[in-house]
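> Join the two chains into one complex using the hints; note that each chain is given alone, in its own frame.
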Amino acid sequence: DAKTTQPNSMESNEEEPVHLPCNHSTISGTDYIHWYRQLPSQGPEYVIHGLTSNVNNRMASLAIAEDRKSSTLILHRATLRDAAVYYCILTPYNTDKLIFGTGTRLQVFP
Amino acid sequence: SQTIHQWPATLVQPVGSPLSLECTVEGTSNPNLYWYRQAAGRGLQLLFYSVGIGQISSEVPQNLSASRPQDRQFILSSKKLLLSDSGFYLCAWCTGRREYCYEQYFGPGTRLTVT
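Top to bottom, those sequences are chains A and B.
This note's numbering applies: residue 1 is where the first sequence begins, and numbers increase by one.
This note's numbering applies: residue 1001 is where the second sequence begins, and numbers increase by one.
Don't read these hints as lab results, they were simulated from the structure.
Hints are supplied without guarantee of correctness; some may be wrong.
If you want the footprint, here are the derived chain B segments under chain A, 3+ residues with CB under 8 angstroms [stated by the list, open to error]:
(1) 1016-1027
(2) 1062-1070
Pairwise CB distance ranges, derived in the manner of DEER restraints [said to hold, decoys possible]:
(3) ALA1039(B) to MET10(A): 46 to 54 angstroms
(4) ARG81(A) to LEU1083(B): 33 to 41 angstroms
(5) MET10(A) to ALA1040(B): 33 to 41 angstroms
(6) GLN1070(B) to ASP67(A): 39 to 47 angstroms
(7) ARG81(A) to GLN1002(B): 20 to 28 angstroms
(8) SER1001(B) to GLU15(A): 24 to 32 angstroms
(9) LYS69(A) to GLY1052(B): 30 to 38 angstroms
(10) GLU1022(B) to GLU14(A): 37 to 45 angstroms
(11) ARG81(A) to ALA1040(B): 21 to 29 angstroms
(12) GLN1002(B) to LEU39(A): 15 to 23 angstroms
(13) ASN1030(B) to GLU14(A): 39 to 47 angstroms
Glycine included, each C-beta is placed from N, C-alpha and C at the ideal position.
The shape of chain B in the complex, shown without the other chains (with noise of 0.2 angstroms):
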């Protein structure tokens, strides 16, 4: 079966820090891998997804970067954190043809505080 890990769960960084997320996948091969951000009491917002290794798109501007450097492997960064950054970060993988993502599933998300 199909898991879904991300590390770590909590993270409690100071403003202008580096960051690292993350996310593996495993019982599956060429996997969309997608990075959502969820600000305290707001919807869910896509940050990145990506459908093959080297293969990044961004959905919105910021600080923030991701990186596929293996297949199942989807790295959120950041070289500076800002306040703004603080929020649950999750990471999803999706399975189906390749055009059309019809069921997407997520990891356990970390909880991110920039202080």
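Chain A on its own, in the form it takes in the complex (with noise of 0.2 angstroms):
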């Protein structure tokens, strides 16, 4: 399975925006860039996923870069709701299982 790289915490105010940044350097051409979030003591939540081009939904958008071996999730404005641990999550095309890493656990503060 290819692998990603996150920072482990990323610090940001209230009503910023906020660029979590993911790295994947051996994805292959069928894999789906995916993100969750998980808030303290519940399970995770889905957030947004991509192939090639940009997305944008009710909760973030999601910048691919070019080459695909990098993407960045985008928070327009951050929430205290925001805070959490955010997994970005390689998944091949004809696979049906998330495989989890270690995340970028966001503090937002007041």
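The structure is reproduced here in structure tokens:
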């Protein structure tokens, strides 16, 4: 399985944008890029996913580098509720499993 | 709408005792089902997944087992718990095409402490 590398932790102030990086230099052509987040004492929740093009949804935006070796999850205006561990996961097209890494712990300050 | 239930929410069990955790999904049919464990301060580890009744794939050798007796029911069991089995157990289900799960939905979890 292709691996991802994320910073252990990041900090942000409330209402500021947050850019969470993920490196995946060994990504293959059929790997999808998923982002999940886990709030304290809860199960993970899906945030966004993409293959090649940038993606937007109500929660966040996903910017994918042209060579696909890195991606960035963008929270446009951080809130205190966005404090969580954010996981970047690569999933091959022909698999139905998610392999979680250690993620990035995001702290949001008022 | 779809809902996933897990029980119990918390559990304290002595070493060597049996375990049975249950997960049920409502509002969907023929889902992929998953069991994960998260040890304290660690990431999520995929334990088992199932693509249909009676079909179980094990990801990590251990003293745990899983069963899927009904389409929307997934059970995690152990005959004798170890201290290392302590953790936060999460059940999840998946939508999308069977061969590709692009969005998993997680249950509220069971926090197990083995003493």
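> Are the hints correct? Go through all of them and say.
Here's how the hints hold up against the structure:
Closer than 8 angstroms: that is the beta-carbon criterion, and the stretch 1016-1027 of chain B has 0 residues meeting it against chain A, so the requirement of 3 is violated. Requiring three or more residues with a Cβ within less than 8 angstroms of a Cβ of chain A, the coverage given for the stretch 1062-1070 of chain B is violated, as only 0 such residues are present. Range check, ALA1039(B) to MET10(A): about 23 angstroms between beta-carbon atoms, so the 46 to 54 angstroms window is missed. Judged by the Cβ atoms, the range 33 to 41 angstroms given for ARG81(A) and LEU1083(B) holds: they are separated by roughly 35 angstroms.
Under the hint 33 to 41 angstroms, the C-beta atoms of MET10(A) and ALA1040(B), about 22 angstroms apart, miss the expected range. In this structure the supplied range 39 to 47 angstroms holds for GLN1070(B) paired with ASP67(A), their Cβ-Cβ distance being about 46 angstroms. Taking 20 to 28 angstroms as the suggested C-beta distance range, the pair ARG81(A) and GLN1002(B) conforms, at roughly 23 angstroms. Between SER1001(B) and GLU15(A) the Cβ separation comes to about 31 angstroms, which falls inside the hinted range of 24 to 32 angstroms.
One distance hint, 30 to 38 angstroms for the beta-carbon pair LYS69(A) and GLY1052(B), holds here, with the actual separation near 36 angstroms. Take GLU1022(B) and GLU14(A): their Cβ atoms lie about 39 angstroms apart, and the range 37 to 45 angstroms holds. With their beta carbons about 24 angstroms apart, ARG81(A) and ALA1040(B) fall inside the hinted range of 21 to 29 angstroms. For the pair GLN1002(B) and LEU39(A), the beta carbons lie near 20 angstroms from each other, so the given range of 15 to 23 angstroms is met.
Hint check: ASN1030(B) to GLU14(A), Cβ distance near 42 angstroms, so the stated range 39 to 47 angstroms holds.
Going through the hint list in order, the structure does not satisfy hints 1, 2, 3 and 5.
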